[in-house]
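Enquirer: Residue numbers (this note's numbering), protein chains in the order written: chain A, 1 to 472; chain B, 1 to 472; chain C, 1 to 472; chain D, 1 to 472.
It is worth saying that the hints were derived from the structure and are not from the lab. Treat each hint with caution, since some may be false.
Which copy is meant is left open, because identical chains are indistinguishable; a pair holds if it fits in one copy or across any two.
Claimed, not checked - Once the Cα atoms are required to be at most 20 angstroms apart in a straight line, the calculated PhoX-like pairs of lysine-lysine come out as:
id: 1; residue 1: 52; residue 2: 381
id: 2; residue 1: 434; residue 2: 72
id: 3; residue 1: 397; residue 2: 81
id: 4; residue 1: 397; residue 2: 408
id: 5; residue 1: 140; residue 2: 448
id: 6; residue 1: 381; residue 2: 434
These numbers come from a predicted model, not from an experiment.
4 protein chains.
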Amino acid sequence: MTIRYRTFLGDSKNFIENYTTSLEFDRKLAKYAAMVMLAHVKALEGGGYIPKDYVQSIVNELVDVIKTDGEKIYKWIEERKMRFEDIFEAIESYLYDRVDGGAGYIALGRSRNDHVAAVLRLYARDALHIILSNLIDLRKALLEKASEYRNTIFPFFTHQQLAQCGSAALYFLSYEHTLSVSWRHLTHLHDMLSENPLGSGAAAGTMVPLDIGVLSRYLCFNQEVLPPYYATGSRQFLLLMTFGIVSILSELSRMAEDLLFINSVIPYAIEFPVEHIATSSIMPHKRNLVTLEIARAKISNIVGLHNSMISIYKSIPYGYNLDLQEMNRIFMDIINSATATIEIFTDVIRGIRIDENRILKYVEDKPCWSSDVVEYIAMKKSRPVREVYYQIAKQLKNCSQNGEALSKILLGVGIQPNNIWNLIRNKPVEVYIKKMIEGAWRVLEEDKKLVRDILESIEGCRVELISGSNKV
Amino acid sequence: MTIRYRTFLGDSKNFIENYTTSLEFDRKLAKYAAMVMLAHVKALEGGGYIPKDYVQSIVNELVDVIKTDGEKIYKWIEERKMRFEDIFEAIESYLYDRVDGGAGYIALGRSRNDHVAAVLRLYARDALHIILSNLIDLRKALLEKASEYRNTIFPFFTHQQLAQCGSAALYFLSYEHTLSVSWRHLTHLHDMLSENPLGSGAAAGTMVPLDIGVLSRYLCFNQEVLPPYYATGSRQFLLLMTFGIVSILSELSRMAEDLLFINSVIPYAIEFPVEHIATSSIMPHKRNLVTLEIARAKISNIVGLHNSMISIYKSIPYGYNLDLQEMNRIFMDIINSATATIEIFTDVIRGIRIDENRILKYVEDKPCWSSDVVEYIAMKKSRPVREVYYQIAKQLKNCSQNGEALSKILLGVGIQPNNIWNLIRNKPVEVYIKKMIEGAWRVLEEDKKLVRDILESIEGCRVELISGSNKV
Amino acid sequence: MTIRYRTFLGDSKNFIENYTTSLEFDRKLAKYAAMVMLAHVKALEGGGYIPKDYVQSIVNELVDVIKTDGEKIYKWIEERKMRFEDIFEAIESYLYDRVDGGAGYIALGRSRNDHVAAVLRLYARDALHIILSNLIDLRKALLEKASEYRNTIFPFFTHQQLAQCGSAALYFLSYEHTLSVSWRHLTHLHDMLSENPLGSGAAAGTMVPLDIGVLSRYLCFNQEVLPPYYATGSRQFLLLMTFGIVSILSELSRMAEDLLFINSVIPYAIEFPVEHIATSSIMPHKRNLVTLEIARAKISNIVGLHNSMISIYKSIPYGYNLDLQEMNRIFMDIINSATATIEIFTDVIRGIRIDENRILKYVEDKPCWSSDVVEYIAMKKSRPVREVYYQIAKQLKNCSQNGEALSKILLGVGIQPNNIWNLIRNKPVEVYIKKMIEGAWRVLEEDKKLVRDILESIEGCRVELISGSNKV
Amino acid sequence: MTIRYRTFLGDSKNFIENYTTSLEFDRKLAKYAAMVMLAHVKALEGGGYIPKDYVQSIVNELVDVIKTDGEKIYKWIEERKMRFEDIFEAIESYLYDRVDGGAGYIALGRSRNDHVAAVLRLYARDALHIILSNLIDLRKALLEKASEYRNTIFPFFTHQQLAQCGSAALYFLSYEHTLSVSWRHLTHLHDMLSENPLGSGAAAGTMVPLDIGVLSRYLCFNQEVLPPYYATGSRQFLLLMTFGIVSILSELSRMAEDLLFINSVIPYAIEFPVEHIATSSIMPHKRNLVTLEIARAKISNIVGLHNSMISIYKSIPYGYNLDLQEMNRIFMDIINSATATIEIFTDVIRGIRIDENRILKYVEDKPCWSSDVVEYIAMKKSRPVREVYYQIAKQLKNCSQNGEALSKILLGVGIQPNNIWNLIRNKPVEVYIKKMIEGAWRVLEEDKKLVRDILESIEGCRVELISGSNKV
């Protein structure tokens with residue numbers, strides 16, 4: 001395939017080549033492309049499809065490319081001022097240049113289509129584990145805040161209006177829980193990303209009886225043989241992974257909305273780490289949460305990009321189409337933006353401090369306890385809750401019309417105003433907070449272990465692939 | 001809450017009420033709303049929060065609503081010419097009307113926010129199982145075709161150009177596999193849809209120590225206590241479910257593209273069931289695959305709807321906002337359209353027949369075996385594959401220029417032209433087809449059992465909820 | 001075409017027919033379909049392509065369908081329990097049933113493809129004018145509020161933080177202006193919606209030399225002959241119209257965010273019409289702006305629907321594909337939702353009242369005048385603005401640290417605290433408000449006239465089409 | 001504002017700064033930022049708000065930045081290893097560094113918010129004109145092909161099935177027309193992009209009575225004073241411009257689908273320029289239209305990006321929020337991708353050649369003339385068209401069953417088979433092609449002139465801004 005460009009270089013037009021080449025954004029895939037090629041060469045060698053003499057130098061070159069994270073090949077490209085369609089063409093060309101004789105054998109039993117399908121899985125799988133790790137950091141930060149503010153009264157809004165008061169721990173636990181749930185959902189993708197598409201040829205399989213077991217062992221792939229049109233044509237694994245990311249980011253976007261909102265409605269109720277705020281020395285009351293604004297926007301952008309991916313994907317026939325190449329670029333952009341965004345949230349959460357006094361001051365004239373008190377009375381007196389409801393509602397209306405303090409109502413139903421927060425702290429869910437936090441920590445530890453185990457096993461494959469290569 | 005409307009009916013404006021009410025599309029939720037209320041009433045009774053005397057008649061009314069799938073309540077609404085914000089307001093109002101005295105007690109320990117969160121989970125969980133069942137039908141149809149056309153030569157395209165030939169079984173197995181993978185991913189949502197949000201009040205929990213165990217048992221929910229702001233505010237479960245659906249439909253959309261494409265490129269290669277074709281008696285060569293065109297469009301529509309959901313969701317603070325109500329409507333539209341679309345594909349696949357002769361005729365002048373032959377020679381002669389490649393390429397060029405038959409090339413490398421398909425049928429992946437089909441059937445049977453077991457357990461809860469109700 | 005279904009009715013399956021028929025949502029197009037057919041019949045008659053004897057009864061039937069807004073035909077369908085693919089098949093079938101002999105002639109020189117293209121333009125054009133009229137109402141409401149609150153101090157936020165204070169008029173003028181600009185942009189679509197696709201056949205033109213001038217005159221279309229593949233295959237006019245609508249709604253969505261935000265941050269600063277608020281008698285501090293929440297969500301939904309349209313559209317080859325039918329349904333949903341949403345905003349704006357005291361109280365401890373004062377001093381003293389900036393910034397910091405009133409700073413630079421609002425009211429843009437309002441009213445009047453003129457001319461065509469029909 | 005970063009540099013974290021800075025993608029805005037600042041400085045000078053002595057050196061520096069397209073300032077940043085939030089902070093800091101004394105005055109009467117609003121308009125306006133020019137090239141290419149293939153029979157598809165035959169000119173004219181229509185729609189944005197937001201301060205106007213006339217003259221802006229909250233907070237002009245672009249690209253995406261489709265269905269019917277094809281020497285029948293596949297995908301990506309923009313935009317309150325900064329980046333990405341994509345289409349169209357023989361061969365056994373013949377007979381014999389329809393349909397069925405040539409049918413109705421194309425070429429629309437082409441050329445010339453005139457007037461402003469600057 002290198003041939004085409006080398007031969008016809010004169011015929012081509014730069015703006016057309018620039019339009020279709022993926023070489024620049026393939027940079028992040030270079031290491032994986034070399035890994036897949038290395039596993040392939042070893043499988044060829046195992047099957048006797050390549051003369052032993054050639055193998056070692058090819059292996060050495062590929063190991064170097066892997067160890068330099070692709071740098072070696074991109075330097076070579078730059079020095080030679082060459083142009084390639086993609087990293088696959090570049091690698092084959094590179095091996096022709098560096099290795100005498102053997103390069104002519106390596107195209108056996110493979111195609112760009114099955115190799116790129118394998119490379120994307122490796123890239124996505126590593127990205128998945130980075131995201132899973134980052135999310136564990138964020139969940140940890142949330143749980144720490146839940147412990148720290150276990151008894152701090154916090155406002156809970158519905159319809160952007162104060163609805164109830166409760167412990168701040170419930171706020172942090174809510175987000176930790178939603179992340180925990182989606183975290184688990186994300187992990188299910190590990191299997192899908194470990195399917196082995198090699199041996200699928202361009203669309204309907206290779207002639208060569210490659211040992212799928214060897215290939216899978218070197219790349220930590222499953223042993224199952226895949227239908228080749230699926231293996232080369234489907235990018236469902238990319239879609240499902242972006243879906244998982246978008247789902248998590250949607251929750252985080254709402255957290256950004258919460259924090260921006262509270263920052264406006266009850267200034268200083270939450271103190272944010274200074275690096276995330278743009279203050280104005282001329283308007284000291286301004287505390288713009290710029291990173292959260294950007295985060296909110298970047299998440300919208302990711303949603304759009306994910307939409308681009310579906311739109312590209314759904315309208316092309318099965319099998320490889322070059323449209324899929326654009327999906328790779330978009331997918332990598334999503335991964336970058338998503339990981340940076342999760343880091344921002346972790347840093348924000350770690351650094352926030354809640355000022356309960358500001359909150360208590362804010363809720364002073366707002367009966368955020370009204371529904372609690374209604375239930376309390378109804379239970380205590382065994383009265384129909386609706387009846388109590390109307391009674392308290394009437395009192396609240398009178399209070400408001402006469403400009404009286406809300407404490408009067410509490411006193412009227414036999415609650416000492418300074419006891420209202422204790423009443424709330426004894427609600428079933430509040431009493432349960434300790435257990436919730438403990439349970440969440442327990443799950444978090446299991447989750448950490450799960451990622452650690454997977455990472456170790458992947459590293460094991462990698463070591464075998466690279467080091468074993470010298471012993472062939 | 002009914003009060004508001006009854007009292008102020010004069011003040012309201014019809015077009016505003018119409019704008020915000022969900023009563024019409026809540027119709028599909030009515031049964032679930034009654035189920036949740038029924039479980040709630042039983043839990044209240046268990047806790048002694050409602051006088052025993054009232055319980056039986058409330059239970060009877062709710063069981064009736066459940067058994068008529070909500071019809072009973074909607075008839076009542078129509079007869080009374082009443083307007084409600086939503087089904088929750090309607091049910092409470094209905095019970096006030098039908099049951100003396102007791103209705104005043106039922107609002108204890110609940111809010112619309114935790115009830116709607118429970119109702120949506122029940123609705124979504126049932127929808128999930130319907131979709132899982134329908135997908136099993138589709139997968140079954142695909143496997144049947146894979147068996148039926150196990151040895152039928154079929155064209156595999158890349159870039160909308162013929163790339164390789166292989167058994168048609170590989171085509172059907174590819175789609176069955178991708179559906180099988182996403183099927184499994186979908187099932188993971190069952191747990192998330194079985195979380196129990198009851199007891200969460202409006203945002204931060206109820207005062208009433210309801211027995212979560214009782215509630216969960218009646219509704220087949222998990223026992224875990226959820227952070228209430230998550231329980232009432234998150235709709236991550238809806239997003240993840242639409243993501244799963246969109247992912248599956250994206251694959252089906254590509255199948256539609258395949259079939260439309262092949263129908264154009266090799267007319268009659270695939271014979272479609274007549275109900276799916278709009279023929280024109282005046283243009284008998286026209287065979288418009290109208291259902292697949294609609295399917296393609298409906299899937300695009302679902303992608304847009306799912307995008308609507310994310311867009312609504314990501315930009316509102318946590319806790320309940322009425323924006324979430326719009327998501328319900330959209331979600332239900334997606335479910336309807338998705339199930340209808342899956343049915344269409346199942347019916348198409350069941351009915352198609354492949355005409356191998358048309359395909360063989362089509363590929364006659366197209367060397368879809370060229371890469372296979374190159375690999376075959378390279379292996380047989382232990383030559384560098386690139387060298388063989390250039391040799392065959394040159395011969396193909398000559399053939400084309402001299403207008404010679406492709407068979408000449410095959411003969412030139414020692415392959416009897418009528419033997420080329422046997423060569424292909426002996427490719428590793430082709431030989432493996434039998435095992436693939438067997439394996440796929442095995443998985444399918446397990447999957448069927450999985451759904452059956454879940455459905456039985458859900459039915460068990462339902463029976464207990466409804467029938468037990470008479471014995472309270 | 002009716003034939004197909006009548007003949008093969010036994011062969012068909014209900015769920016497939018339901019999947020592809022557009023008859024239900026064609027209801028809104030029925031009138032236009034009859035109008036186009038009526039113009040067509042007159043053109044046929046003019047060209048001598050249909051015997052005079054038959055014309056009158058066909059015309060009468062079609063006029064009836066038009067006058068009953070399609071009801072007549074839908075009643076007939078219901079009575080006969082017939083099923084049709086779409087309204088075009090229904091109309092032809094209806095005429096066969098009602099009119100002896102003549103119906104066989106009307107299919108000459110037309111196809112469903114050019115007729116539906118004409119019908120959609122008529123529908124969209126009427127919808128455009130309704131939206132333009134509704135927007136004029138909204139702009140009027142905004143201008144009235146601008147006049148009413150010309151001197152009322154209002155908070156202007158950036159980054160959801162108070163940035164400057166100014167007259168409330170500037171708030172209303174900002175939205176009026178953005179609507180005015182997009183209003184003008186929308187009007188440019190009128191020409192595109194008045195292109196005449198008739199005579200284009202299915203894809204490449206009819207054999208029949210229809211008088212395009214007659215057709216255009218009856219339907220208020222332009223005289224230009226269109227390339228038929230464009231005429232039948234392009235739906236660019238639908239895309240551009242939804243684009244225009246989405247653009248306007250995006251601005252309104254931000255207005256909803258403003259109002260929801262101010263309602264939370266400065267309660268009662270804006271008093272909203274009671275019909276748009278869901279208050280809670282138990283939480284009297286809650287004033288949920290439910291219509292604006294729904295509006296925000298519906299706009300997100302429209303964005304998603306519009307995205308569906310593009311996604312459907314961009315991936316099909318030119319010429320008619322049934323995918324386009326789905327676009328019709330989505331387009332009509334967008335129109336309905338958009339017009340209802342604009343009405344909601346108009347009603348909200350008309351009903352709001354601003355309480356300046358609440359605002360002045362809110363800004364009391366926030367120097368929303370700080371940048372104004374800096375500029376004022378810099379100008380007055382001819383000092384570098386940055387120097388003044390640092391001076392005031394330092395004073396603000398001191399003030400804040402010592403807990404002193406902000407008025408001290410004003411006094412320090414020689415401004416009487418009670419004079420600060422006058423200073424602001426004398427800013428160049430504030431002084432200009434009167435002119436802005438006058439200018440905006442002037443434009444509004446011109447715009448009203450423009451719509452009125454267009455509506456009159458369209459009504460003229462309609463009258464000629466319908467009434468003239470009796471005199472043929 | 002530079003101060004913040006210089007002072008607190010130690011406190012900041014790199015990953016946070018990288019997350020929020022726009023400096024990198026502001027590169028394309030640098031020139032415009034300098035232009036706006038230059039106009040501002042001149043206006044300040046005109047008003048006597050800055051000592052004359054300082055003006056000249058500031059002006060010189062800004063002119064240099066403009067002339068080097070921003071390079072000068074980015075080099076300076078690199079040399080000093082400085083970090084900035086954005087180009088506006090950088091420019092002010094740069095002037096402090098380069099110009100003694102005067103820089104302290106320039107912040108008067110401006111804010112980042114009104115300046116960025118002006119800069120974006122200038123950038124977008126230039127981009128608009130580039131796109132308009134590129135589209136003129138594409139339209140020209142289409143018209144040339146329409147002339148070249150005015151009498152070449154071409155297949156017109158509906159439902160991806162051959163529907164009618166006609167001159168290829170009609171194909172090219174269809175796309176030229178749709179582009180012509182959207183071209184005109186795009187031009188309407190020129191006015192919106194020429195609104196002058198300067199003087200609007202951060203949100204509610206500046207204290208300084210800047211001469212808006214001077215500012216507008218230097219920047220080719222309109223004279224109208226804008227409501228400042230609109231001026232600084234609205235990005236409707238960006239949305240509408242991307243809408244226009246997306247609309248055009250949607251049509252081009254369909255053209256890509258056409259060409260890919262025809263390339264598959266009737267190989268070699270259209271010969272594509274070699275640079276746009278990836279051939280495979282081993283599969284000489286493969287002619288992958290890779291640039292069109294990428295174009296199709298890039299357009300889907302742009303649709304997603306445009307969706308990102310709406311999603312970001314619609315959910316933030318009015319006034320400046322940093323979310324808007326992300327929109328800038330996305331907008332610039334869209335512009336780049338859109339212009340490259342339009343160029344690709346122009347190059348493809350210019351280079352294609354149609355082989356009529358291949359087409360005639362393809363349609364030989366497909367009665368693409370059937371509807372034309374039906375209409376022809378019906379007219380000639382004054383028979384009901386439905387009657388003729390059934391007659392021909394029956395004959396076609398017989399033909400097909402008996403394997404007879406279609407010519408038999410033509411002969412049966414008195415048409416010489418070799419005369420059928422003449423019959424078609426005499427259809428009304430075919431006869432009209434000459435006029436269509438002439439009309440289209442006429443419009444194209446006017447459009448070219450329109451762009452030329454605008455560009456000249458903009459260049460005039462620029463010259464005055466830059467050169468006049470030396471004479472101050």
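Enquirer: The structure should be examined with respect to each hint, and the outcome stated for every one.
Expert: Status of the hints after comparison with the structure:
1. 52 / 381: between (90 angstroms within a copy, 16 angstroms between copies)
2. 434 / 72: Close neither inside one copy (54 angstroms) nor across copies (44 angstroms); limit 20 angstroms.
3. 397 / 81: neither (80 angstroms within a copy, 31 angstroms between copies)
4. 397 / 408: The answer is within: 12 angstroms in one copy meets 20 angstroms, while 39 angstroms across copies does not.
5. 140 / 448: Close inside one copy (10 angstroms), not across copies (39 angstroms); limit 20 angstroms.
6. 381 / 434: neither (30 angstroms within a copy, 63 angstroms between copies)
Checked against the numbered hints given earlier, this structure breaks hints 2, 3 and 6; the rest are met.
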